[in-house]
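Chain order of the listed sequences is A and B.
Each residue of the first sequence is one higher than the last, beginning at 936 in our numbering.
Each residue of the second sequence is one higher than the last, beginning at 936 in our numbering.
Accuracy of the hints is not assured; some may be wrong.
Copies of one chain are not kept apart here, so a pair can be met inside one copy or by any two copies together.
To be verified - Below, in silico cross-link-like pairs of lysine to aspartate or glutamate (EDC-like), each with a Cα-Cα straight-line distance of 16 Å or less:
| # | residue 1 | residue 2 |
| --- | --- | --- |
| 1 | LYS1233 | ASP1171 |
| 2 | LYS1029 | ASP1017 |
| 3 | LYS1233 | ASP1382 |
| 4 | LYS1340 | ASP987 |
| 5 | LYS1032 | ASP1253 |
| 6 | LYS1178 | GLU1211 |
| 7 | LYS1451 | GLU1261 |
| 8 | LYS1226 | ASP1350 |
| 9 | LYS1029 | ASP1419 |
| 10 | LYS1279 | GLU1463 |
Note that these hints are calculated values from the structure, not bench results.
Note that the coordinates shown come from a computational prediction; the quantities given were computed from them, not determined experimentally.
2 protein chains.
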Amino acid sequence: MSRLFVGLETPFVQDLPATLNKVHEEKMNGVAAPLFHPRFQRDDDGLSDTRDGPQTRSDLVLDSRGWTASVVGVVSKWMDLDATTQRVRLSAEKVFKQEVAWASHLSVPAVLLPTPRHAEQSSNYARVLNQSLTQAQYLQFWVRILLTPRQQSCAKAPMETDPVAGLCAAAAVMETEENKHEALVDPWETWDSLRARCEYHPKLFVALEITADLPSAEVVQRWLGEPVKAAIVSTDIFLTNRKGYPALSQRHQKLMAQLFQHKVQFYLSGRPRHREKMLPYVQYLHFLYSKLPSQDRKTQFEAPYLDYLQAPLQPLMDNLESQTYETFEQDTFKYNQYEKAITKALEHTPDDKESVVVVVGAGRGPLVRCALRAATLANRKTRMFAVEKNANAVITLRNLKISEKWDNVTIVASDMRSWRTKERADIMVSELLGSFGDNELSPECLDGAQSLLHENGISIPCEYTSYVAPVMSSKLWNEVKVHDSVKSFETPYVVRLHNFYALAPTQRCFQFTHPKFNTRIDNRRQAELRFVAAESAVVHGLAGYFDAVLYGDVTLSIEPDTHSDGMFSWFPIYFPLRQPLRFQKGEEVVVDFWRLEGNSRVWYEWSVAPGSGTCHAPIHNPNGRSYWIGL
Amino acid sequence: MSRLFVGLETPFVQDLPATLNKVHEEKMNGVAAPLFHPRFQRDDDGLSDTRDGPQTRSDLVLDSRGWTASVVGVVSKWMDLDATTQRVRLSAEKVFKQEVAWASHLSVPAVLLPTPRHAEQSSNYARVLNQSLTQAQYLQFWVRILLTPRQQSCAKAPMETDPVAGLCAAAAVMETEENKHEALVDPWETWDSLRARCEYHPKLFVALEITADLPSAEVVQRWLGEPVKAAIVSTDIFLTNRKGYPALSQRHQKLMAQLFQHKVQFYLSGRPRHREKMLPYVQYLHFLYSKLPSQDRKTQFEAPYLDYLQAPLQPLMDNLESQTYETFEQDTFKYNQYEKAITKALEHTPDDKESVVVVVGAGRGPLVRCALRAATLANRKTRMFAVEKNANAVITLRNLKISEKWDNVTIVASDMRSWRTKERADIMVSELLGSFGDNELSPECLDGAQSLLHENGISIPCEYTSYVAPVMSSKLWNEVKVHDSVKSFETPYVVRLHNFYALAPTQRCFQFTHPKFNTRIDNRRQAELRFVAAESAVVHGLAGYFDAVLYGDVTLSIEPDTHSDGMFSWFPIYFPLRQPLRFQKGEEVVVDFWRLEGNSRVWYEWSVAPGSGTCHAPIHNPNGRSYWIGL
């Protein structure tokens, strides 16, 4: 996790270097400051400039590094892009574009935009913003959104603590009757309408204004699925502790901890109400940050992969590399479970004869080691076979046989589906599972290898199940969109989901068991799952997980509710949707999923639609046109 | 410049960790070591493995980091991909692919491939290599190429110092009669044929074997335009200094200095002939490295931009950002020249009246400052105008007018082509030149602004000329090819050329002068330039440069032979060719260049062809379809 960023939201300051010095003295990292003086009102000729004096302070007051590292530009709040009179609207557009152009010129990382009016009343705001988003190259646009709608008039808007800005407050949109009504609307709806009209633009972010009243945990969770880049924390929401220092309520503390995990920048706003300095507030945020639990091994391992899309492995078609084996061999939890499962299974084999264990897909031998340890624990004499198709891994296995004296182990360089032998094993051990359980073709491989087992033989694993949940994540949707092709939207990705919101708990999708003697084998599947949206949200795709029974009560799981502690071999899988779909709170989300096969290939098709039938969504990946797994 | 890498080429070693320890003790960074034992000859069933023992040492002797950081895999030299009998060829192909697969498995950064036979005799080598290049994801392929052809039989091939490898030497291709003949062919031709058949693949590199005899300076220069990744330095080529330590000849020292500039890795090979250790050789190379002149400001500034393609600025259509102004304002040399030129020009204005200076395209004011300093130096009373179309830069100018008391300067927020005034200036100063002189539309802008000058008025600059040379650079060609579109191959790029070879000295292309009163203004141009290739080479594109006369004898130049010392405002410009063209030494390279205009646009078209007319090459960018500059 990166260092905590705490900045200050300031009124317009002429002497920016002096302000930054003070801010740095109080241990803050930068400021969010107005780009132009709020009294500098421009008419609709705003840009054809006939004035003699400069329109704002010079860019030379800081070098470009200073602007980039320490300043976010606040766009004038008084402009009204959705005013009823055209003259006011056109003038506001000129002001907006002039300020955005100036911000780009300065190379500040972002502009902080005023809170839009509610959805239906902000179409021109959305249009002007969408134009700017499309033109700007590096600049980010942060839209100020209240966490909870204000019940009262906005007497505490932070800018009003500035006497100069106060002059303009009379004109501010927040004060009108219309807006008092509007303030009761869910602010998320305002955001959702705006960003949907801007097609989920990747440079568009939320600056969340933390309010004294907090919404439900579910609503907070939904914000954590949104691209929140900044949190504006007014000094008004702080309580005072026994020593007279600022502190936050328990619920606010929890919220901060959640925001810390998402690399959000914090901007303090308003007047200091404790000891007349901002420093105690800054120190308090750093104190909360320091209370975060220190990172365990799994968290450290996962950190660089958060929300990073990877193509799923195709270990059947491609040979894994040494490095990949090396990474997965380090998952102690997983191999401990395998050791337990093999031990239990061996204990069920007769103790008066040699037990035969075949490891199929032995790789560089971690399951062979588990089986050898299990044989000792179960006190069984064993004969083992390690079957591996990757010629490179076979070199490792043969070296191990010598160096680790695997005298009872035979190395077999063959595809498990084609090895013919008269041996019949008591136990067949494999680790062919993917993030979605069956997506690395474990069913087909184990079916092809089950003739190696005698009729009462045991497969470890003996069962695995996939799980699905509809998720909102404009972050992931944009990552897929980078390639902007149907193919990329019809391909699942392995990804450590982080900036996302699940609209409902996961549901079971497909299940497979092994071995399957005396039954017709068919690994095609179909499932229709019906979810109920816990909050209004957008579905950008489906999150996939799996769990597996190795043997008896020994299991592995990456399903969120039952995730095996400390196991890091599998990230979730993400199936994108080409078009995001909006659902109301309580509405039914119908997910259809197929597992299909043909032409030596296996593939999935999927679709998502509202239960009401008001909208019909396309089925993704017909005939595996965009993504398939080779047999 | 990154740290010097010195490695050791070793015979096959079973105990790689021990060898690496010794190598690190002798201050070396890694090894180039055979992947398989040279005695491990495989038949054409090489891969369907029925042996019991491992085929080579285990990947587990190092972790994947160790393999990646410290080992380059040497592919067996004895295999003959172009043998006359099919059985030998097929067997060689299996060996080659097995070894490349093993190298990929290990995640070593590169394989070192044996020297191919001469062009016409290595078609199967090229085919097999091309297949591997297309499949491998990260692996680099380094082809071992002699710097000078060996006159004798190859008694000093480094592997033969190894007694085990010696067993195979009898079979080595180098020893046959056929190859003694072949050894007289220019090794560059062998390389050129191979890489052309592999379509200049970006993962294909040269490992240059440094010989005791060195080729001409021109041939060395040509190698510096090739993707040389490694230099193999035999202990045989070292002399002994008076203290008994190894040293290199002056010419070899110069070559090493050139290779250092290109981030080449060095691999020592052969037996130590001085003090029975490799350490003195390593120390000597580090000594040479330390003798490189330390980096001046310009070199440091340029380092991150070597061979990095940038789209040319379009300051007329786009507004420059504050950061861009900031960078260019730091070019002290350039502004000193402007100051000199304005001073001289002012000295030619009458001293009994106020001189009028107009700066067109004033940006954030650096030329205004030059003009103010020049007025003091020339002891002239002046009235100045700073004309700038970028509204953001006008804010800076107006702030400067106040803070720096520019009382005699008027700021004019206008496009220089449309400002109408009754003032007539004595001197018009501008800095509108691009890397190719006219490519940022200086001609059109200054023609449009010249009515601001009175009839004897002076333009600074008063003249500028573009220059062109045909260049070989598979590095740059591949950078363009990443986008793989006609558009990308018909766009010029601003780039600090580094890994390239100019086939001939630059020639003048287009020239422009200002002002142009009493003459028909036409800025269209055509030039046909005829170059003679100094060595056989491939033309991948054209390098463009410019020089300019500011006033009198005060000039600026980025043309290689006359480049102004320490000036860093302009990198060269690179016009790519869609298809690389091969020229023989002494052959004529005909370059046609046009500057054209229409529909408020200016664009270039260009083509390259042999003077013999044996090949007709397409004209690039017809009608400016891929690239144009907006007026």
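Numbers of unmet hints, in rising order: 1, 3, 7, 8, 9 and 10
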